[in-house]
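If you want the building blocks of each chain, they are given just below.
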Amino acid sequence: MTERQVVAEPVTPPFREPGPVLASREQRIFVASQWQLMWWRFRKHKVAVASALVVAGFYMVVLGADFLAYADPDASEAQRSLMPPQRVYWFDGGQFGPYVHGVKGARDPLTFKRVYRPDPEQKIRLRFFAEGFEYHLFGLIPTTRHLIGVDAGLDPNKTVFLLGTDVQGRDLWSRLMYGTRISLTIGLLGVSASLVLGVVLGGLSGFYGGAVDTVIQRTIEILRSIPTIPLWMGLAAALPREWTVLQVYFAITVIISLLGWTELARVVRGRFLTMREEDFVVSARLVGCSRLRTIFVHMVPSFMSHIIAATTLALPAMIISETALSFLGLGLRPPAISWGVLLQQAQNVQTVAISPWLMIPALPVILAVMAFNFLGDGLRDAADPYGR
Amino acid sequence: MLAYIGRRAILAIFTVWAISVLSFVIIQLPPGDYVTSYIAQMASTGSVVSDEEAEALRIQYGLGQPIYVQYLKWMGQIVQGNFGMSMEWRRPVTEVIGERLWLTVVVSVAALMLTWALALPIGIYSAVRQYSVGDYLATFVGFIGLAVPNFLLALVLLYLGFVLFNAHIGGLFSPELQDAPWSAARVWDLLKHLPIPALILGLAGTAQQIRIMRANLLDELRKPYVVTARSKGLPESRVILKYPVRVALNPFASTIGYTLPYIVSGSIIVSLVLGLPTVGPLLLKALIAQDMFLAGTIVLMLGVMTVIGTLISDILLVWIDPRIRLEET
Amino acid sequence: MAAEPLLSVRNLKTYFAQDEGTVRAVDGVSFDVAPGATLGIVGESGCGKSVTARSILRIVDRPGRIVDGEILFRRRVSNGAGSPIVDLAKLDGNGSEMRAIRGAEIALIFQEPMSSFSPVHTIGNQIVEAILLHQPVSRRAARAKTIEILRRVGVSSPDERVDQLSNQLSGGLRQRAMIAMALSCRPTLLIADEPTTALDVTTQTQILELMRQLQKEDRMAIMLITHDLGVIAEMATDVAVMYLGRVVEQAPVDAIFHAPRHPYTKALLRSIPRLRAERHERLTPIAGAVPHPYDRPAGCPFHARCPEFVPGTCDQRAPSLRPVADGHAVSCFLYE
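Chains as they are written, first to last, in numbering that gives the first Met the number 0: chain A, 0 to 387; chain B, 0 to 328; chain C, 0 to 335.
Honestly, the hints are just simulated from the structure, not real lab data.
In this text, a Cβ means the ideal position worked out from N, Cα and C, and glycines have one as well.
Misleading hints may appear alongside valid ones.
[Stated by the list, open to error] Derived pair list, reagent style SDA-like, types lysine to any residue, alpha-carbon separation capped at 25 Å:
#1 B:K191 / B:S173
#2 B:K241 / C:Q167
#3 B:K241 / C:R281
#4 A:K45 / C:G20
#5 B:K241 / C:A16
#6 B:K241 / C:R138
#7 B:K284 / B:T93
#8 B:K222 / C:E104
#9 B:K222 / C:K265
#10 B:K222 / C:A16
#11 B:K222 / C:N124
#12 B:K222 / C:Q167
#13 C:K265 / C:R218
#14 B:K222 / C:G229
#15 B:K284 / A:T243
#16 A:K45 / B:L136
#17 A:K43 / C:F15
#18 C:K144 / C:M113
#19 B:K241 / C:A140
#20 B:K241 / C:N124
#21 B:K241 / C:R142
#22 C:K12 / B:E235
#23 C:K215 / C:E147
#24 B:K191 / B:A116
#25 B:K241 / B:L217
#26 B:K191 / B:L217
#27 C:K89 / C:N10
#28 C:K144 / C:K265
#29 C:K265 / C:R281
#30 A:K43 / B:V140
#31 B:K241 / C:R61
#32 B:K222 / C:G45
#33 A:K45 / B:S131
#34 C:K215 / C:G229
[As the list claims (entries may be wrong)] Just some of the chain A residues that point at chain B, by a computed CB distance under 10 Å:
#35 G96
#36 Y98
#37 K112
#38 I221
#39 P229
#40 M303
My request is simple: use the sequences and hints to build the entire structure.
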């Protein structure tokens with residue numbers, strides 16, 4: 000091969016202005032903060048955004064359960080046992096005026112079961128912002144206003160049961176509102192407890208490594224290989240019968256969070272491990288930051304978003320656990336109301352075949368689990384702003 | 000490879016020990032000790048426990064001694080095959096549990112195999128035909144599986160079966176074969192009843208595994224060695240199945256191990272709803288009745304069963320992944 | 000080109016239909032490869048070199064599709080009759096004829112020695128598979144051939160290496176193994192897509208030397224894709240310069256380096272740092288940046304950065320590739 004000389008011509012040609020600069024929209028990407036990036040990416044997931052709205056809706060119910068309910072959730076009435084949901088008529092003679100028919104109960108002569116027949120003579124008007132039983136708004140302001148109510152105020156013969164009643168004649172709609180409150184707050188508390196445990200143990204594991212890491216890792220592995228429900232059942236069954244509703248509530252929270260922390264710990268540990276090697280952490284140490292400062296000022300903000308995503312994804316498991324335990328009768332007990340307690344009435348197929356509306360509390364469970372899952376997925380995708 | 004299996008085995012032993020401690024805690028939790036409740040139980044039916052008998056039981060279970068001694072005595076009894084007496088049934092615990100434990104194993108393994116059998120092809124299809132109708136359908140079904148808790152799914156299916164087909168789809172056996180001794184007919188009956196419970200139990204796990212397989216395979220499909228395989232002139236199906244699927248199989252298989260505890264857990268509640276003659280309904284009744292030896296033993300057996308299953312899946316994983324075989328992970 | 004070309008690409012267009020628009024990765028590319036010659040394809044990242052190579056082999060990833068053009072390939076003449084020229088663009092990408100050509104008559108080696116082998120199969124397994132796919136030999140014979148070809152490319156202890164996993168080999172060895180696999184069926188055309196970019200300089204030289212030697216022994220044509228003008232200078236007999244999916248200049252290698260015509264080629268050569276430059280002499284990069292794929296300028300793709308831009312012409316229509324001298328073609332209005 001002959002020797003090749005690469006010849007360059009030292010000419011200064013008349014250069015023109017280079018093409019248009021990057022559009023301002025593209026420029027913004029380089030100066031946006033971490034949270035802005037996350038928000039933009041999150042916004043692109045329509046489903047995740049919709050789920051966020053659903054979750055927000057749920058928590059509004061939590062806050063306003065009293066307002067949304069219209070009947071005392073504990074008022075039982077044998078005469079109204081197992082009433083089916085009532086049909087709402089929206090227009091009264093051409094005008095907007097929702098009403099339901101009054102109901103006459105009778106005993107079927109053949110089966111001796113109660114049957115209910117709507118009485119077309121009776122029209123019970125529904126009112127918005129009507130008066131009902133007394134409660135404290137936000138726990139502070141005593142009031143009697145509810146979202147919906149009946150014309151006749153507290154006349155026991157004129158009532159409405161939008162979702163029917165249970166075996167003891169209690170209105171399902173109102174109980175559902177209160178049940179939502181308890182189910183979702185237990186989930187939140189459980190997740191917070193798991194979060195604390197998970198971040199602390201996962202952080203220790205990831206940051207210090209070595210023996211600490213091994214011990215914690217093995218513990219997590221052991222816990223993960225144990226079937227959880229039998230354990231929970233065992234622990235829950237051991238709660239003394241004499242405990243108050245509140246004590247049981249907290250005990251259940253503790254029990255379900257005891258196993259939920261493993262997943263969070265793994266996420267935290269993984270993040271710590273990857274970040275330990277990152278240049279920015281090394282430079283922080285070299286500049287003279289103390290260990291504590293390195294962790295809290297430099298490392299934690301980097302994986303905050305991942306933690307938020309992992310926490311959101313841990314919530315559905317908490318909700319399902321509580322629902323399952325209460326469904327079995329081992330979790331929350333009456334007079335506490337949660338989705339699981341409500342579903343207890345739907346335990347066998349015979350009951351459900353006759354009164355299928357008893358299964359309705361399953362819907363918010365499914366909806367909540369789906370919403371949190373989608374939301375968590377969206378957050379997790381958005382948490383990696385420079386990722387694919 | 001042997002070192003790896005050895006490590007997993009040691010971990011399994013530790014796990015079994017942890018489970019035994021937890022089971023013991025559960026047994027001890029209710030107030031009062033075993034013997035007093037036993038005596039009370041006997042008394043309520045009119046039989047009397049003599050003082051010598053009571054004393055012998057006390058010694059046998061080490062009551063009155065420090066808790067770790069009691070634990071050791073209990074473990075000692077177990078090793079000899081004595082799991083204690085069920086107070087409710089007044090028979091040895093092992094008798095009460097009977098074939099239920101094996102049925103739990105059968106149902107769980109069936110669910111696990113179904114999970115594998117469904118998740119693998121669906122996951123591969125979803126990844127290879129990304130954004131197609133099939134992919135979206137699979138994702139949708141997957142989300143249903145994840146979102147609907149298995150016991151609710153069981154309930155809804157029971158209801159639908161009853162209302163639409165007037166059929167009772169619960170149970171593992173037809174009524175006439177329920178208590179019959181084992182025979183070929185009974186085995187076939189069991190197999191006929193297995194699919195629905197297995198599906199309900201495995202659906203959530205299947206959904207999870209589909210997502211994992213799909214994500215892993217999508218990652219692998221982008222890699223250069225797939226291009227190499229294609230450029231050699233291999234037919235597309237072989238390109239996909241021999242190379243990226245094989246590589247994506249490793250993380251997929253390693254998660255199978257953790258599906259088993261989940262399935263076993265789920266089987267407890269689903270068995271209740273569907274009325275399956277497994278360990279689940281028995282455990283619930285035992286817990287409510289505070290029949291602690293029965294309950295604790297069931298928890299222990301479930302745990303051990305799960306650990307053994309996980310260990311087996313770990314060994315299978317080693318067989319699949321040559322990288323672990325040839326060098327330390 | 001005196002002899003009949005082995006591969007003749009005519010006006011090839013490969014487009015990618017994305018949500019945000021259509022990416023015209025290859026937008027009318029034409030060149031010829033003579034048998035036994037080395038065509039160097041040079042251009043910046045994103046100019047469509049790799050997509051061209053993949054289009055020839057019909058392994059472009061979805062959603063890419065060949066929308067126009069011909070890829071005329073002269074097949075190895077078997078004992079039968081018939082015209083051995085086939086248009087690869089018209090074949091079914093996954094059909095048996097294309098797959099018989101792929102790997103056996105046209106082979107590909109590319110940039111990533113680290114991950115171009117499957118991590119869970121042995122080297123031997125993968126090479127034997129290539130042999131068994133195209134040649135009617137037994138497994139034992141295939142294994143013997145594999146060891147032989149590994150030895151030929153300079154892999155030490157080939158009989159041991161054949162049972163090793165790819166991660167047990169160094170980068171240079173892996174690239175040699177890749178070459179062995181590509182050559183195992185004695186292709187007439189080897190497409191090498193940045194074969195030495197990921198290697199260190201010493202290994203680079205060795206690999207290039209190996210390729211030259213094998214080419215001489217097998218009388219194989221090489222289509223060498225690279226952005227490194229030094230490699231082109233060393234290896235190529237002909238050069239095609241690509242920009243934004245088009246060939247802007249094609250010529251024998253001497254002509255490209257000593258008498259470049261297209262402003263882009265000239266700018267590329269100018270931008271090479273010179274060893275014997277004056278002190279404090281500034282580098283002369285090409286002004287501007289490669290346009291965003293969705294934001295192509297109308298007319299000549301290079302006009303926005305061209306020092307010899309002619310307003311009114313260059314931004315209105317696109318020039319076509321025309322011959323200006325023997326074997327030398329340019330796509331520029333300056334020469335029309």
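Checked hints:
1. Of the pairs offered as hints, the one joining K191 (chain B) and S173 (chain B) holds, with about 10 Å between alpha carbons and a cut-off of 25 Å not exceeded.
2. A hinted pair counts as satisfied when its Cα atoms are at most 25 Å apart, and K241 (chain B) with Q167 (chain C) qualifies at roughly 21 Å.
3. Annotation: proposed proximity of K241 (chain B) to R281 (chain C) is violated, straight-line Cα distance about 53 Å (limit 25 Å).
4. Between K45 (chain A) and G20 (chain C) the CA atoms are separated by roughly 21 Å; this keeps the pair inside 25 Å, and the hint holds.
5. Taking the CA atoms of K241 (chain B) and A16 (chain C), the gap is near 29 Å; set against the 25 Å cutoff, the hint is violated.
6. The hinted pair formed by K241 (chain B) and R138 (chain C) meets the criterion: a straight-line CA distance of about 18 Å does not exceed 25 Å.
7. The straight-line distance between the Cα atoms of K284 (chain B) and T93 (chain B) is roughly 16 Å, inside the 25 Å bound, and the hint therefore holds.
8. With a C-alpha separation of about 24 Å, the suggested pair K222 (chain B) and E104 (chain C) falls inside the 25 Å cut-off, and the hint holds.
9. Taking the CA atoms of K222 (chain B) and K265 (chain C), the gap is near 36 Å; set against the 25 Å cutoff, the hint is violated.
10. Using a Cα cut-off of 25 Å, the hinted pair K222 (chain B) and A16 (chain C) holds, with the two alpha carbons roughly 21 Å apart.
11. A threshold of 25 Å between alpha carbons decides the hint, and for K222 (chain B) with N124 (chain C) the separation of about 19 Å falls inside it, so the pair holds.
12. The suggested pairing of K222 (chain B) with Q167 (chain C) holds, with an alpha-carbon distance near 19 Å, which does not exceed 25 Å.
13. The suggested pairing of K265 (chain C) with R218 (chain C) is violated, with an alpha-carbon distance near 32 Å, which exceeds 25 Å.
14. In summary, the hint linking K222 (chain B) to G229 (chain C) is not supported, as the alpha carbons are separated by about 29 Å, beyond the 25 Å threshold.
15. Among the hinted pairs, K284 (chain B) with T243 (chain A) is consistent with the structure: their alpha-carbon atoms are about 23 Å apart, no more than 25 Å.
16. Restraint check for K45 (chain A) and L136 (chain B): satisfied, since their Cα atoms lie roughly 18 Å apart, inside the 25 Å limit.
17. This hinted pair checks out: K43 (chain A) and F15 (chain C) have alpha carbons roughly 23 Å apart, not beyond 25 Å.
18. Restraint check for K144 (chain C) and M113 (chain C): the C-alpha separation of about 24 Å stays at or below 25 Å, so the hint holds.
19. A hinted pair counts as satisfied when its Cα atoms are at most 25 Å apart, and K241 (chain B) with A140 (chain C) qualifies at roughly 22 Å.
20. With a C-alpha separation of about 11 Å, the suggested pairing of K241 (chain B) with N124 (chain C) holds against the 25 Å cut-off.
21. For the suggested pair K241 (chain B) and R142 (chain C), the alpha carbons sit about 19 Å apart, so the restraint of at most 25 Å is met.
22. Between K12 (chain C) and E235 (chain B) the alpha-carbon distance is near 24 Å, which keeps this suggested pair within the 25 Å criterion.
23. With a C-alpha separation of about 18 Å, the suggested pair K215 (chain C) and E147 (chain C) falls inside the 25 Å cut-off, and the hint holds.
24. Simply put, K191 (chain B) and A116 (chain B) have alpha-carbon atoms about 18 Å apart, close enough for the 25 Å limit, and the pair holds.
25. For the given pair, K241 (chain B) sits about 15 Å from L217 (chain B) by alpha-carbon distance, which is consistent with the 25 Å threshold.
26. Restraint check: the Cα-Cα separation between K191 (chain B) and L217 (chain B) comes to about 37 Å, which exceeds 25 Å; the hinted pair is violated.
27. Under the criterion of a C-alpha separation no larger than 25 Å, the hint pairing K89 (chain C) with N10 (chain C) is consistent with the structure, at around 14 Å.
28. Only pairs whose Cα atoms come within 25 Å are accepted, and K144 (chain C) paired with K265 (chain C) is rejected, the gap being roughly 46 Å.
29. Of the pairs offered as hints, the one joining K265 (chain C) and R281 (chain C) holds, with about 17 Å between alpha carbons and a cut-off of 25 Å not exceeded.
30. Distance restraint check for K43 (chain A) and V140 (chain B): the Cα-Cα separation of roughly 23 Å lies within the 25 Å cut-off, and the hinted pair is therefore satisfied.
31. Between K241 (chain B) and R61 (chain C) the CA atoms are separated by roughly 20 Å; this keeps the pair inside 25 Å, and the hint holds.
32. A hinted pair counts as satisfied when its Cα atoms are at most 25 Å apart, and K222 (chain B) with G45 (chain C) qualifies at roughly 19 Å.
33. For the suggested pair K45 (chain A) and S131 (chain B), the alpha carbons sit about 19 Å apart, so the restraint of at most 25 Å is met.
34. The hinted pair formed by K215 (chain C) and G229 (chain C) meets the criterion: a straight-line CA distance of about 21 Å does not exceed 25 Å.
35. Below 10 Å, beta-carbon pairs count as interface contacts, and G96 (chain A) has none with chain B, the closest being about 35 Å; its hint is therefore violated.
36. With a cut of 10 Å, the hint placing Y98 (chain A) at the interface with chain B is violated, because the nearest CB-to-CB distance is about 30 Å.
37. Hint status for K112 (chain A) relative to chain B: violated, with the closest Cβ pair at about 17 Å, above 10 Å.
38. The interface hint given for I221 (chain A) is met, as the beta carbon of that residue sits about 5 Å from the closest beta carbon of chain B, less than 10 Å.
39. For the restraint placing P229 (chain A) at the interface with chain B, the shortest Cβ-Cβ distance is roughly 5 Å, inside the 10 Å limit, so the hint holds.
40. The beta carbon of M303 (chain A) is not positioned within 10 Å of any beta carbon in chain B (closest approach about 23 Å), and the interface hint is therefore violated.
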